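These protein sequences, in sequence, are chains A and B.
The first sequence begins at 210 in this note's numbering and counts up one residue at a time.
The second sequence begins at 210 in this note's numbering and counts up one residue at a time.
Derived from the structure by calculation, the hints contain no laboratory data.
Result set (SDA-like, lysine to any residue): computed pairs, CA atoms no more than 20 Å apart in a straight line:
1. A:446 <-> B:687
2. A:647 <-> B:425
3. A:577 <-> A:587
4. A:421 <-> B:651
5. A:633 <-> B:428
6. A:633 <-> B:416
Quantities reported herein were computed from a predicted structural model and do not represent experimental measurements.
Protein chains: 2
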Amino acid sequence: MCAGDDVNCPEFERHRAKMREALGMERRSFLKSAFVATGGAAALAAGTASTLVTPALAQASAAKAPDQPSYHYLPANDQTVHWGYFSKKLKPQVEIDSGDIVTIEALTHHANDDASLMIKGDEGAESVFYWTKDQKKVARRGAGDPNDTKLGGGGGLGVHICTGPVFVRGAEPGDVLEVRIVDTKFRPSMHPDHKGKAFGSNAAAWWGFHYKELLDGPREVITIYEMDASGARNWAKAAYNYKWTPQTDPSGVVHKTIDYPGVPVDHATIKKNTDVLKGVRVPIRPHFGVIGLAPKEADYVNSIPPSYTGGNIDNWRIGKGATMYYPVAVEGALLSVGDPHASQGDSEMCGTAIECSITGTFQIILHKKADIAGTPLEQLEYPMLETKDEWLIHGFSYANFLAELGPNAQSDIFGKSSVDLALKDAFKKMRTFLMTTKGLTEDEAVSLMSIAVDFGITQVVDGNWGVHAVIKKEIFADASV
Amino acid sequence: MCAGDDVNCPEFERHRAKMREALGMERRSFLKSAFVATGGAAALAAGTASTLVTPALAQASAAKAPDQPSYHYLPANDQTVHWGYFSKKLKPQVEIDSGDIVTIEALTHHANDDASLMIKGDEGAESVFYWTKDQKKVARRGAGDPNDTKLGGGGGLGVHICTGPVFVRGAEPGDVLEVRIVDTKFRPSMHPDHKGKAFGSNAAAWWGFHYKELLDGPREVITIYEMDASGARNWAKAAYNYKWTPQTDPSGVVHKTIDYPGVPVDHATIKKNTDVLKGVRVPIRPHFGVIGLAPKEADYVNSIPPSYTGGNIDNWRIGKGATMYYPVAVEGALLSVGDPHASQGDSEMCGTAIECSITGTFQIILHKKADIAGTPLEQLEYPMLETKDEWLIHGFSYANFLAELGPNAQSDIFGKSSVDLALKDAFKKMRTFLMTTKGLTEDEAVSLMSIAVDFGITQVVDGNWGVHAVIKKEIFADASV
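Throw the hints in and build the complete structure from the sequences for me.
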């Protein structure tokens with residue numbers, strides 16, 4: 210019998226719809242049970258000395274949350290995503306309480322690099338990418354003019370498909386939002402020939418750090434990678450690559466380069482090369498390039514440059530088991546998730562990672578301003594990452610570019626970044642962290658940073674370049690502070 | 210009975226000399242037996258697919274070496290070190306054959322920050338640092354004027370005490386020298402109160418990246434760290450710190466800042482603060498900041514900026530178990546070792562690591578130009594690091610600053626560096642490595658770099674700033690290339 214995978218079956222469409230529904234339910238159910246299995250809400254009050262949340266703060270925050278956390282599921286479709294920007298003006302997609310669990314589907318904005326592998330048959334993705342001469346379901350893509358006709362709505366000033374925002378009840382400016390990444394799952398391909406696989410796209414694009422140095426002249430190259438959708442196989446492999454050719458979008462605009470997100474690539478115009486990276490196994494590092502809150506400084510903020518409320522940090526360590534802390538800038542916090550990656554190296558050299566749709570499950574905990582006073586989170590003015598063994602601080606060329614660069618911040622930032630500036634910012638933030646959280650003097654903090662903190666290049670392709678500073682928790686296991 | 214540790218014994222001096230001699234013999238004997246235990250020469254021909262040395266190359270190189278490797282011991286004393294510079298003019302301290310094992314004592318140039326802990330009673334260190342009004346045993350410190358009277362001989366244009374050079378018989382320009390770090394041992398303190406301990410100094414100095422950003426105004430701070438000399442304890446702890454005060458050297462020159470290496474700090478002029486980093490455990494990462502060959506471009510080369518022949522790379526991964534590959538620039542290669550560190554973080558933020566004397570044992574293998582043709586080492590024009598699991602490429606702001614910056618290269622380099630430039634160099638070198646060693650096309654190499662290569666900040670304090678690119682070997686375990 211046709212299980213929705215036999216195009217010759219007379220009832221193919223009905224069977225396929227049924228399969229998709231079953232798949233969706235299975236996915237939701239699986240994720241829910243996975244959450245329960247991991248201890249669910251029990252973790253909420255488990256603040257220990259090894260986290261930035263003191264036991265007293267954990268208790269204070271838990272006391273303000275419902276006794277039992279609720280579970281929410283936020284699918285990705287044309288109604289639940291905003292494309293290419295953050296905005297404090299957005300209508301929340303879901304309202305949650307502190308402590309609640311939310312599963313959020315995140316779609317890669319590069320799925321149209323091979324629609325047959327990453328969109329076709331996937332109801333949510335199909336609705337988001339839907340674009341014909343007469344209708345473009347998600348019309349605005351970017352923080353620019355919503356009616357821009359040169360490239361398309363939003364002007365492509367921002368590229369990430371963001372699911373959300375999630376409104377956290379009670380969240381106000383000055384609070385800190387803790388986001389625990391409980392789980393990540395690849396979004397399986399619906400291609401009948403590729404059951405159990407997931408696909409992603411790496412674009413070596415004009416905004417890459419490598420671009421001006423190319424030996425064989427300027428070109429943009431897409432490489433499609435294949436993953437085991439279960440995540441059991443810990444490596445990805447290249448499927449094929451092709452050079453970007455001018456693509457005419459359904460509205461008739463020609464895109465000579467990758468200058469607007471979600472342009473469908475007509476595979477009749479490109480030349481597939483399957484002789485690519487033979488036998489090379491790329492270790493997977495599933496994570497979200499974008500998790501962020503709405504900034505307060507502007508109504509519409511390009512999703513590309515990361516800032517003090519997070520966003521496009523592009524650190525591959527922001528994956529399963531990690532916890533992020535963000536300063537809340539607007540009422541409800543307005544959390545959105547996007548830019549999922551199957552893997553990325555520190556620097557994101559060529560402009561993108563393996564861009565691959567992923568569904569994440571998050572526990573979200575609100576820490577009120579009054580409660581964080583005197584705790585390690587008190588002076589948190591930047592997005593901070595905690596893993597099992599490490600604390601990571603994110604420095605940017607401009608810590609808050611919207612506030613620092615004035616009215617033209619959103620365009621100026623793209624010409625002003627350097628790794629040196631981002632390193633300076635990471636140094637300053639790590640110094641603050643060591644002095645406030647660990648009670649060190651400036652001299653102690655400076656010495657410790659030179660001998661025990663590793664500074665790495667997060668990315669040099671997101672307008673506001675990033676450097677992360679890593680310090681091991683074990684360093685303080687015995688410290689009195 | 211006095212074992213050389215009772216200053217009240219009438220025969221103290223004789224007993225002490227005996228103890229030192231015994232200690233020295235014990236150290237040499239221990240290191241020799243450690244070498245034999247690790248398999249010694251058997252490793253020489255063991256080139257496998259997981260190293261850059263192909264089995265054929267290993268065989269060709271072994272065929273040119275003696276059947277049995279010899280063992281050499283190079284102590285550090287006023288006769289065996291050159292201070293602050295590399296030079297092709299130096300008389301070799303030892304001549305070896307390819308495959309030989311050399312144990313080399315390396316002294317930290319910061320030992321005089323606390324002579325009682327790091328010099329006194331240590332014959333070799335005492336001879337190197339010996340400096341009275343009438344005699345300075347190692348007079349030249351730096352690549353500058355050997356008779357400079359403003360700061361001292363050599364002008365302090367270069368600071369590292371380098372032991373060597375080691376002359377490798379048969380080495381010629383175009384060859385590659387493989388340096389395997391077989392072992393590292395802390396140099397124990399001779400202070401009678403601190404048996405079994407080793408000490409190091411961290412100087413937060415004017416050349417640090419942090420310096421202009423200090424909250425409490427400009428100052429240089431020395432922090433002394435204590436290690437377990439056996440290396441069994443995997444962490445260091447701070448002993449005390451003090452602010453640098455103007456120091457008058459034995460020749461009468463006043464050093465308001467740390468502007469000349471080896472100036473004895475008069476502890477009567479400083480204020481020790483022992484309330485420092487209480488309970489903080491710094492993970493140890495014993496390594497050599499400086500291992501390098503003599504460059505061909507100039508007669509005397511400041512030891513601070515790293516370059517294509519290595520030198521002051523300051524990557525903490527250059528420790529026990531690691532292998533370095535260097536392009537040979539002059540006859541005999543002229544390898545020197547110095548700047549030992551107990552630990553350092555990526556960036557070496559404040560200007561120094563935990564600067565701590567260490568004795569290393571190395572196996573040194575020469576690969577001739579004719580034999581490396583067609584192997585991964587063929588186009589090696591930069592210092593490369595191989596660890597058990599990774600290959601690391603070192604990028605610098607200027608890959609070969611001596612050749613690129615002209616006659617004033619040695620001074621100009623200090624004003625021209627940026628992390629951005631070093632990242633670009635690391636990108637280009639990693640691309641070359643992937644294309645030549647792994648046979649990838651430029652498009653494959655660029656994509657792989659974005660998704661599987663981590664770029665980190667090696668150091669931003671050595672004039673020629675560094676970025677390292679890390680790629681895991683397992684990526685290619687299954688590859689046909």
